[in-house]
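In order, the protein sequences belong to chains F and H. Quick note on UniProt numbering: the first sequence kicks off at 1 and runs consecutively. Quick note on UniProt numbering: the second sequence kicks off at 1 and runs consecutively.
If you are wondering where the hints come from, they were derived from the structure by calculation, not from laboratory data. Bear in mind that the values here come from a model prediction, so they are computed numbers and not experimental data.
Label-pair restraints from in silico Cβ distances:
| no. | chain 1 | residue 1 | chain 2 | residue 2 | range |
| --- | --- | --- | --- | --- | --- |
| 1 | F | Val230 | H | Gln140 | 54 to 62 Å |
| 2 | H | Ser149 | F | Leu113 | 52 to 60 Å |
| 3 | H | Glu84 | F | Gly87 | 39 to 47 Å |
| 4 | H | Gly6 | F | Ile121 | 57 to 65 Å |
| 5 | F | Phe286 | H | Ala80 | 49 to 57 Å |
| 6 | F | His165 | H | Ser101 | 16 to 24 Å |
| 7 | F | Gly196 | H | Gln140 | 34 to 42 Å |
The beta-carbon is built from N, C-alpha and C at its ideal position, and this holds for glycine as well.
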Amino acid sequence: MLGSLIQQTVNALTIGSIYALIALGYTMVYGVLRMINFAHGEMFMLGAYVAFLVLSMLIGTVGGAGAIALTAAFVIAIFLVGVIGVGIERIAYKPLRNSTRLAPMLSSLGVSLSLVTGIQILAGPQPVAFPSFFPAVRYEVMGGTVSSVQIGILIAAFALMFGLHFLVNRSRIGIIVRAVSESRPTAQLLGINVNGAISMVFFVGPLLGAAGGILYASYYGIMTPTMGAVIGLKAFTAAILGGIGSIPGAMLGAFILAFVEVGGTALLPIVTHGVLGTEYRDVLSFAILILVLLIRPAGILGEAVSEESIVYKREF
Amino acid sequence: MLGPNGAGKTTLLNSISGVARPTAGSITFEGRDITGMRPEQVVRLGITHCPEGRQIFQRLTVEENLVAAHIRRAGRSFEALRAEAFDLFPVLKERRNSVASRMSGGQQQMLAIGRALMAEPKLLMLDEPSLGLAPKIVHQIFRIILDLSRNGISILLVEQNVQLALECGDYAYLLNTGKVKLHGPAQEMAEHSALSEHYLGGVNETVLHV
Ligand SMILES: Nc1ncnc2c1ncn2[C@@H]1O[C@H](COP(=O)(O)OP(=O)(O)OP(=O)(O)O)[C@@H](O)[C@H]1O
Ligand SMILES: [Mg+2]
Numbered sequence: 001m002l003g004s005l006i007q008q009t010v011n012a013l014t015i016g017s018i019y020a021l022i023a024l025g026y027t028m029v030y031g032v033l034r035m036i037n038f039a040h041g042e043m044f045m046l047g048a049y050v051a052f053l054v055l056s057m058l059i060g061t062v063g064g065a066g067a068i069a070l071t072a073a074f075v076i077a078i079f080l081v082g083v084i085g086v087g088i089e090r091i092a093y094k095p096l097r098n099s100t101r102l103a104p105m106l107s108s109l110g111v112s113l114s115l116v117t118g119i120q121i122l123a124g125p126q127p128v129a130f131p132s133f134f135p136a137v138r139y140e141v142m143g144g145t146v147s148s149v150q151i152g153i154l155i156a157a158f159a160l161m162f163g164l165h166f167l168v169n170r171s172r173i174g175i176i177v178r179a180v181s182e183s184r185p186t187a188q189l190l191g192i193n194v195n196g197a198i199s200m201v202f203f204v205g206p207l208l209g210a211a212g213g214i215l216y217a218s219y220y221g222i223m224t225p226t227m228g229a230v231i232g233l234k235a236f237t238a239a240i241l242g243g244i245g246s247i248p249g250a251m252l253g254a255f256i257l258a259f260v261e262v263g264g265t266a267l268l269p270i271v272t273h274g275v276l277g278t279e280y281r282d283v284l285s286f287a288i289l290i291l292v293l294l295i296r297p298a299g300i301l302g303e304a305v306s307e308e309s310i311v312y313k314r315e316f
Numbered sequence: 001m002l003g004p005n006g007a008g009k010t011t012l013l014n015s016i017s018g019v020a021r022p023t024a025g026s027i028t029f030e031g032r033d034i035t036g037m038r039p040e041q042v043v044r045l046g047i048t049h050c051p052e053g054r055q056i057f058q059r060l061t062v063e064e065n066l067v068a069a070h071i072r073r074a075g076r077s078f079e080a081l082r083a084e085a086f087d088l089f090p091v092l093k094e095r096r097n098s099v100a101s102r103m104s105g106g107q108q109q110m111l112a113i114g115r116a117l118m119a120e121p122k123l124l125m126l127d128e129p130s131l132g133l134a135p136k137i138v139h140q141i142f143r144i145i146l147d148l149s150r151n152g153i154s155i156l157l158v159e160q161n162v163q164l165a166l167e168c169g170d171y172a173y174l175l176n177t178g179k180v181k182l183h184g185p186a187q188e189m190a191e192h193s194a195l196s197e198h199y200l201g202g203v204n205e206t207v208l209h210v
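Next comes chain H alone, as it looks inside the complex (with noise of 0.2 Å):
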């Protein structure tokens, strides 16, 4: 899902996950009408949504946010889900018993991650994983949200950065003023001029307000 500032992606994540309610228009998860449902049934359902600024509980250790993510139901086993996100992310693993606010951006990137997988979603939506963060990190987050993908977790991906994200996704939507301006499969959108003409459109009319 790309998109300049201010143009609705996050609105959409939050919609989606239950925070937000839509004055219009339906959401469908596994054909099933979801709109208007609480974070908690959304949750359950296999949506999670990992928040744009990571929002880790700072003041709670790596493990206990890991923890307090954790969602009881006829599933899998906190242990086997922790023990994956320790296999994905061993960073977490070392740090376990660190307080979260003393882990470095990306670090706090793979918690926000490791921490959403312990709800065990079929649908994981990302809110820009790469803001902030050095390219080497964003591209080992990145290589980890692929693996996930492979995984058969399906990925719904907000991000500013244009290239990185159509080379790693399938298919993509711009969104503009809360509107699908453009939609296709990744390649072909690459290859898109007016992609560019909408976005960067997008992000003049912005400047230019400022």
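Same shape as in the complex, but just chain F (with noise of 0.2 Å):
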């Protein structure tokens, strides 16, 4: 029983580690622009290929890869994405960032089906073998097992999302990306470079996506072009969960949303007696999102609803 406690817990931490590496793009791109980035979904999917595609340039083939090998297709790789990210926001969204809010967001789906169909035309729409970017060992826990590969995880995980607290909180482009967040007009008038808050925004969000996505990969070891739809769905939600523009509050919802995932999983069928199996997870996770934007549509550590929510619902 602690045994199982203890796995599911891991795995929990695991999966919500990942989703709070995805759900930090949409949060900190809604903070500085008020958009949702439906592409941002596709900067997951992006790391895993990325990174594939880095590793077998860097040693041939992208079986048996060694420590250094490997560390250096993840950091060329994501930083890879980050630069990628960076040229969609300019491409896409800047030339857009005037006309209605509808407009970057409907641009945004329009990149993200060009990504998936892109890549389906380049690496094939099948599943590819991923390799382990961790060593594969498997620890007894008082019964439970744990992998190296979900310790590894986590560790990349709280490394990067200290990095981000770091650069956030302490750095002047830092502060600059939070002056704009809050007011990007007064920001303007200030002659602050709003341009380079919001490209750093484009840089740093899809570099964690990418990280998100090179662990996911590593951790299924699978890879698909469509990959990043349905988790980059539950990263939304996470985010939403938390309180969308908010930071902590995507992180503490990317945790939340992994907890009652695996827990409600887990008791779903003990519960139900079968009736409601395993499967209904994604079931459970989506119906967070619709309840928490029927309850409380600012999230856990997000805004009251403000007036300019209120133009922006006006808008749709």
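Dock the two chains into a complex; use the hints.
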């Protein structure tokens, strides 16, 4: 019993930290532009594909890579996806910045479809086996199993989140990003580098999302061109749950969602005597999204519904 | 710059700082045409706009507000500018790590001016700095504005408090319905009876429309 509790807790932490890495990108973009970047799930998918490509270019194959090659591939891949994120913003969102609020969101849907289709054409629609970025060892902990891959994911994800915390709260560019998030008109009027802040967010968000993608593909040993779709929506749910626009909220929402999912999936078959099985996991997550939107649209740590979001609703 | 509510004072400042685009006419600064320039370019030329209602970043600390507004260019370092702002407004130094939303209205106005100074302005445009503040605080702030002006920063002050503005200013303009109705040295304007007529006339008009 204790063993399975530990095992489920580690499972929830693992999946939660991957959700958190993606959710941060949604929330940061919303913070500075008040827009939902529907292409963000694809940054997660690109992370895995770019890492695969970088790794095969570095060592000629993807199997049996050493720790140095894997680390290098990880770092180069997330950096490249960050650059791709900045490029996407310049091409697909920036020209629409002064049009209606809906325009860049629709554009992001287009970007999302283009990326998925593009990868399907280039790499094929079929799943591809993905090398593990961590040595796979299984540990028995009081009867439950915890894998070294999970521990590696937790360490990598927490290191990245700590780095983000430092960047946002301590660095000059982080302060500027927060200023722009609070009031873009005031930042503009003061001559603050608003475009720099927006580019920063479109670099860091996709970078973290890509890291999530690599860790996820490592965990399941597989990548597909559509892997970003459902998990992107889950991370989006986590961002809404925590309060979109809030960085701590995105992390909190991600872990709550993961614990509810893992806990719910374990309990559902028992509580319903097998009528509802583990396949109802996604139903559970999206039911949370609907509930939050109905009961507390601002999320746990989000600001109370402001005049701005009323205007926003009217525009829809 | 004086004028009743809705005269176009804020719009004038917004046009100068590049937030709004004038439909006609031109804006010249130090002999250079700056019409239609973007705000970040205007700030780099030395014009800083301290907006109506202060608009400080509420969720940032005092110090972070200053950091965000510092413009990197071949000028003085952030530390030097911050030290100067702390000298002018010691309360900002005392409360440098407080979140700005916890500050009183007067302290927030001081922060707004301190923040504007981070861009090393040659021309500082202040939009109704006395708005909603107790007379004692208003006098304190105006003394500092006068100090800034003596230290060589040109001040363009928008005020509803006519008497105070004319006491402090060198030259005054009266704006109504987007047009300069009257201008002259502040002292002469203070004696001008037409000023109060225009001014009160405008105010009455708006009252009637309500
Ligand atoms: N030159 C102009 N031509 C046409 N419309 C103008 C002009 N100047 C201002 N306006 C319009 O007049 C309205 C009020 O202007 P503004 O906010 O600048 O007034 P204000 O003098 O700052 O008033 P307050 O004292 O209430 O702050 C705005 O809607 C603005 O667009
Ligand atoms: Mg005004």
